[in-house]
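A.B. asks: Next come the chains, spelled out residue by residue.
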Amino acid sequence: MSRITLTDLSRSYGPVEVLKHIDLDIRDGELIVFVGPSGCGKSTLLRQIAGLDRPTSGKIEIDGRDVTRVPAADRGLAMVFQSYALYPHMSVRQNLAFGLENARMAKDEIEKRIQEAARMLEISAYLDRRPGQLSGGQRQRVAIGRAIVRNPTAFLLDEPLSNLDAELRISTRAELAALHKRLGTTMVYVTHDQIEAMTLAHRIVVLRAGRIEQVGTPLELYNKPANRFVAGFIGAPRMNFLPASMFPGSAAAEIGIRPQHLRRATPGETGLKTTVVMIEALGSETVIHAENGGQRVLAVLPGQQQLSPGDEIALAYDAKDLHPFDKDGLRLP
Amino acid sequence: MLVAPVGWLARLFDPPLRALQRVGGYGGMAVFFLAPNMLVFGIFVLFPLVLNLVYSTTGGAALFLGDRSFVGLAQYERLFDCSNYLDPKSCAEDLFWTAVWNTAGFVVVQVVLMVVVALVTALVLNRELKARSFWRAVFFFPVLLSPVVVGLIWKWILQRQGLLNLGLYELGLTQVNWLIERGWAFTAAVGVSIWAHVGFYALILLAGLQAIPKDLYEAAEMDGTRPARMFWRITLPLLMPNLIVVLVLVLIRSVQIFDEVYVLTGGGPGTATLYLTQYIYEIGFASHLRNPGLASAASILMGGVLVVLTLLQLGIGRRNEARGKK
Ligand SMILES: Nc1ncnc2c1ncn2[C@@H]1O[C@H](COP(=O)(O)OP(=O)(O)OP(=O)(O)O)[C@@H](O)[C@H]1O
Ligand SMILES: [Mg+2]
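Chains as they are written, first to last, in my numbering: chain X, 70 to 402; chain U, 3 to 328.
Simulated from the structure, these hints should not be mistaken for lab results. Yeah, the Cβ is synthetic: ideal placement off N, Cα and C, and Gly gets one too. Honestly, I wouldn't trust all of these hints.
Stated by the list, open to error - Computed from the model, here is a short list of chain X residues facing chain U with C-beta under 8 Å: (1) Tyr82; (2) Val139; (3) Ala142; (4) Ala147; (5) Ser152; (6) Phe167; (7) Ala172; (8) Val369; (9) Gly372.
Claimed, not checked - Simulated crosslink set (SDA-like; lysine to any residue; CA at most 20 Å straight-line): (10) U:Lys216 <-> X:Lys396; (11) X:Lys89 <-> X:Gly206; (12) U:Lys216 <-> X:Pro317; (13) U:Lys216 <-> X:Arg332; (14) U:Lys216 <-> X:Pro200; (15) U:Lys216 <-> X:Gln364; (16) X:Lys396 <-> X:His358; (17) X:Lys176 <-> U:Leu205; (18) U:Lys216 <-> X:Ala141; (19) X:Lys342 <-> X:Ser353; (20) U:Lys132 <-> X:Tyr82; (21) U:Lys216 <-> X:Leu115; (22) U:Lys132 <-> U:Arg231; (23) U:Lys132 <-> X:Lys176; (24) U:Lys216 <-> X:Arg277; (25) U:Lys216 <-> X:Ser71; (26) X:Lys396 <-> X:Arg332.
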């Protein structure tokens, strides 16, 4: 059991307010992802939960117990650091054992847990090596292993994949998801990569400048972004934001439409009249950079298109795919 | 604009250098460029070293080599002429052995204290304390002083009518002859030499402490590590390379101890703080029983000890490098 509740949490460094009135309920067993641009306060928020930093105001509860002033070690959480933070002078085995020894656990129980974690993460072969003698991916597993052996009530992971190369990142991402399923333990996962967030998360928390912009499942965020920021942040390539004047009869200040939701108009169909500026042919799909009265429009069209810069094309869309925003960037119903 | 004169100069030197390379070959150029440095090193280091070795095989009080007679290893024999090495009085050169044992005692106490004090200083200065740069400067400042100045400052403080006794008098406390009582003189020698140099070693250790990644401590905090265990299991092992460098440097400097103690106590009371370098200096140049050959022999022996310590340091340095690469 571990449900983490944050109530009106704020953290300032001197005059700089890094976290502003965060309210969040992390459910038991869920994999929740904090996502947002660099410097938005994701790590700071995670560190408040971990107990490595104290909020300026607000409350943190784990399973109903107020832990706001409880030291990190007594919160029953385990953290995986972006840098892995493995103890460089200890073997992998000692790295895993260190926290358990601190808790004065019996030797054979420690060994049992190490063996179990090592088997699960396939690191048994290098238990006696030092971190410096491991590859990045192996180190990453050890870092996760060090968290697992402690049998925590929740895992906190701060950009655990960002030091891996692209290929390894994708496979490790899948393994993490599998691991979460197997352990069923609450995981709080920080990343600035929205694709990582979309693929892993049960729920995503989008942060900007120390505030929560929206909380929801990946598809909720994709289909019904609460505001212009979330709309632009989730989904790639980025959503088009066009003046409402281009859409007759709209009461909104601005209309968002995803590049994937634009298609070539069939003869007789009306659409946005645009001029092709640039074409990126990716084989399975074609990204069109087009222009309408100085307004850039991005469209992702299926398959391969016979187009060249300068061509006039009409881009059609379904009304249900339009995201209307008011002048403050909030979503209109 | 700045490049123009440089290019002009380079062209000026081009023809003679090319000519030289034609004569000396590619490898010869290296010799040519190293020569000035080698010349200085040769005149001021290598030549005196060899000369010292030659002096140690000659006898008499004369200063010029031409006036001195060859005595072979007689000076070394004299230094080692002892019925019991532990008892300087039983030795032909009792002052030498007094100095040897004094130095040994000084080295043991001073090295241990110096390393501990430097470590504690570094740990304190590494904390988030107010005006940290100011405190760092305070501890480093004595390092910038000349050892003679250090000796004089503390002499003014510790001598019979010095500042410390004045203070004790004002407070109505008993005064102590800090530099005249054996135990206190030794304590002063150790204390002053630590005061003078601890800033330097603390700085090396501080650099080592700051090189330890912060998130290791955070990981250890998440692991529920208590402060003492944090020190023994995280800080100390990760600081070990720096600590060993400091240990060996302190050891070498400690064996060579001279200036500040000489100014402070002059080796007294009696011979209580007479250390090897002072012995060599006095036998070689200062005493009325001047014996340059004996001083040379003693300095060669001391040089040997220092060479061993230096090799030790180099060996450790190389081992650290090798470990760093792994
Ligand atoms: N100890 C500190 N003192 C002052 N400011 C800090 C401190 N820690 C973080 N900040 C500031 O708080 C803001 C949020 O930092 P944080 O590390 O939480 O960002 P982040 O979302 O994790 O970014 P990234 O994706 O780059 O890791 C930044 O603007 C940073 O400068
Ligand atoms: Mg971060």
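A.B. asks: Next, verify each hint and record whether it holds.
C.D. replies: Right, here's what the structure says about each hint:
no.	hint	result
1	Tyr82	violated (13 Å)
2	Val139	violated (12 Å)
3	Ala142	holds (3 Å)
4	Ala147	holds (6 Å)
5	Ser152	holds (6 Å)
6	Phe167	holds (6 Å)
7	Ala172	holds (6 Å)
8	Val369	violated (40 Å)
9	Gly372	violated (48 Å)
10	U:Lys216 <-> X:Lys396	violated (44 Å)
11	X:Lys89 <-> X:Gly206	violated (35 Å)
12	U:Lys216 <-> X:Pro317	violated (57 Å)
13	U:Lys216 <-> X:Arg332	violated (52 Å)
14	U:Lys216 <-> X:Pro200	holds (17 Å)
15	U:Lys216 <-> X:Gln364	violated (48 Å)
16	X:Lys396 <-> X:His358	violated (26 Å)
17	X:Lys176 <-> U:Leu205	violated (40 Å)
18	U:Lys216 <-> X:Ala141	holds (15 Å)
19	X:Lys342 <-> X:Ser353	violated (24 Å)
20	U:Lys132 <-> X:Tyr82	holds (17 Å)
21	U:Lys216 <-> X:Leu115	holds (16 Å)
22	U:Lys132 <-> U:Arg231	violated (26 Å)
23	U:Lys132 <-> X:Lys176	violated (43 Å)
24	U:Lys216 <-> X:Arg277	violated (26 Å)
25	U:Lys216 <-> X:Ser71	violated (28 Å)
26	X:Lys396 <-> X:Arg332	violated (27 Å)
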